[in-house]
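J.: Dock chain B against the given chain A, drawing on the hints supplied.
Chain by chain, the residues:
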Amino acid sequence: MSGAGKRQRLALRIAAVPMGLLALSCLYPIFFAINNAFKTRDDYMRDRFGLATQPTFDNFVQAWSRAHLNEYFLNSVIATLGAVILLMVVSSMAGFALASLRFPYRRFLFAVILSSLMIPVQVVLVPFMRTMLALNLVNTHIGLILSYTAFFLPFSVYMMTAFYSGLPRELIEAARIDGAKLLQVWWHVMLPLGMPALVTLAILNTLSCWNDILISLLVMQKHRTLMVGISALKGQYSDQIPLFTSGIVIAAAPIVVLYILFQRRIVSGIAVGAVKG
Amino acid sequence: MLFLLPAILLVLVFRIFPLFWGFAISLTSATSTDPGQFIGAGNYLRALDDPNFRSAMANAVAVLLSVPIFVTIPMLLAILIHQGVPGRTFFRSVYFFPAILSSVIIGSIFSVVLSFNGNLNALLNLAGISGVDWLGHSATALPVTLAIQCWSTFGMGVLIFLAGLSTVSKEMVEAARLDGAKMWQIWWHVIIPELRPIIEFSTVITTIGLLTSMFGLIYVLTGGGPGTATTVPEYLIWAAQGRLNRPAYAAAVSMVLFLMTSILAWLQIRILSRNANI
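Protein chains in written order, with the numbering used here: chain A, 1 to 277; chain B, 1001 to 1278.
Excised from the complex, chain B in its bound form:
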């Protein structure tokens, strides 16, 4: 029991107790110096009218809509590696490399490459195409940021799918091949259905990851801008607590984010327990 104490204490003091405290703060008008008064749902109602919050939620929806891409690309690559594409050992280890670099490192490098007078535009200019201010333009900033996020995390997805593929029965694939099934038929009718638990699992953890681990990239690449083009909920929380000095409001946005991630976590637990029952 005593052995468990440090772990329990750390988790309680820094995570579980703050969760309840945060909910309490979200119901007040607190600032960084003044505890404020109880204002009920005031902060939540204010959020509904706040353009920053609205665009953060709209951006979150855009981010969520990109989840299928984040799941499909690693799945296809993993199946190809599993099927014995030439150079697979090399691919396997290299794909994983961006995933271990800090989002700060990745963001820094891409901010140089993608800046208006950066390398990509210099290349495009050579080809006679005029450059685009990739990160300074509100139409391209979010898609480009998402593309970088996808590029930097797909290796992790490949690993997860490869781990799942090792459980797909070789006999079934071989039997289908002997029956004269074409490659895409084997993929579609044999491999992908067998991967279903992994697809579900990967979808949930990718979604949670997109909602809670893009801060570093956004902080370095765009600072949430231009305007609010790349402000997602987690970034708005940080900005509201610090720069905007509206901690109670930040706490309310935190609760909204918590609601979103808990629904996903609930799904994850359901998937895991259902798979365990099979």
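Next up, chain A with everything else stripped away, as it sits in the complex:
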């Protein structure tokens, strides 16, 4: 028995080598981007693999102002923040209704919201654009915020419904006996109670909104978001790699910070979503 155990431990140790290389490969691209972002164009030409020996912030300054990343960054922040807040409010309200209130067609409406998971933006691209045009929402921040909310909503509603279903019903009954209106129950009881789930959702939705390209490409043709801006930058500055990589670093920075701060929450949120479907 101990012989087999020993052999297994050896096998695992051997497996750790390619697994370690794979782990390094996961970190290399972002290291590549950061490292080259601090080089001058000549430095990069001379030695593209080496470390940036005389780090310069020039690329960041140029990318931020001359390549308009400041503008794009602001657009992304507005759209992401707006959509994340709206998603929290709408999904918390919907989750409260679906989990705690009794009304006709409750199950059917839940199914309608979930079924829209089967309709990604590509499937409704043309009519979606026409709807946006008809509502005068193209090239507006509010249009992008509403689109993000509509397309990232079902998962959030599902999570909030599941979360609120796990809470004891007595909480709501107690508040209602105290004479509170439903809106007050939601605001004073359900919203604070839902915070653990809502914070996880806020982080996951921040990733989805910030990283999106297709929806923002469609809706924001004039006021680019960061991801649209970066993909345009790629064509413009293909011979100025350090400048381009500094743009990449600026665009990835908020996500990397989120990952470092909330890794555990992101992991558990995705695992819960995955297992429960």
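A couple of the hints might just be wrong.
Taking lysine to any residue and the SDA-like style, the derived pairs with C-alpha atoms no more than 25 Å apart in a straight line are [as the list claims (entries may be wrong)]:
no., chain 1, residue 1, chain 2, residue 2
1, A, Lys222, B, Trp1188
2, A, Lys234, B, Glu1171
3, A, Lys234, B, Asn1121
4, B, Lys1170, A, Val267
5, B, Lys1182, A, Val61
6, A, Lys6, B, Glu1171
7, A, Lys234, B, Gly1242
8, A, Lys222, A, Lys6
In short, the hints are calculated from the structure, not lab data.
T.: For chain B alone, kept in the frame of chain A given last:
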């Protein structure tokens, strides 16, 4: 009821109503300025003769054929982590890192690394191997794009399998070990059969993901090319609606994509409900 209204309204206006509208548009000859006329299945018939559509479908098949790789790699890695490979905590958190980066970020970095005068070829040249235009060559563009997609999403799969592995009974694995089973026998006869629901689940969501979330990577890396080498259905829809100004045709391709994803979604629901019955 009023609390549900915003959610229902958003979903109806932006997703469910457009689905039916899109089907209606797909039966017309509409352009971006002209509502056009009813032409029945005209757009669908035209698709069958359209080389762009044909190669998009051929590419979709190639993408679908790669699904087993997309499922197996994370499964093996998750089992190794679960079995206590040295450094597992580090692997677990690092593998996940590419999965949270935007496909635009990943595509941008790889387009620099893989370009003809990029880093990979520079390395190969040092080793005396002449470089390949990885993304500019129609034979390599799709496989390379898929490899990048696999690399950037496998961490998500590892997480899903790890969540599934936590339900595999430790006693059974231990009992098999006491019976003298070798490691690969335990994997093959105990762990993998127990993981079957997760494998099915992962297969379905990976497939749906491959059909509907490669746009960003393709947009940044290859623009669907060279030629139509990396044009997949979702990319063709976008190109037809915008650049080619054939919205009715785009709507028809959308319906084909919807058919493909709904079959998968139906499978997913069946798997989930069957597992719930066990």
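J.: A separate judgement is required for each hint: does it hold in the structure or not?
T.: Taking the hints in turn, this is what the structure says about them:
Pair hint Lys222/A plus Trp1188/B does not hold up; C-alpha atoms about 55 Å apart against a cutoff of 25 Å. Note on Lys234/A and Glu1171/B: the hinted pairing is violated, with a Cα-Cα distance of about 54 Å set against a maximum of 25 Å. Distance restraint check for Lys234/A and Asn1121/B: the Cα-Cα separation of roughly 19 Å lies within the 25 Å cut-off, and the hinted pair is therefore satisfied. With a C-alpha separation of about 23 Å, the suggested pairing of Lys1170/B with Val267/A holds against the 25 Å cut-off.
Proposed proximity of Lys1182/B and Val61/A is contradicted: the alpha carbons are some 59 Å apart, above 25 Å. Proposed proximity of Lys6/A and Glu1171/B is supported: the alpha carbons are some 19 Å apart, at most 25 Å. Between Lys234/A and Gly1242/B, the direct Cα distance comes to roughly 20 Å. Compliance with the 25 Å bound is thereby established for this hinted pair. A hinted pair counts as satisfied when its Cα atoms are at most 25 Å apart, and Lys222/A with Lys6/A does not qualify at roughly 63 Å.
In summary, the numbered hints that this structure violates are 1, 2, 5 and 8.
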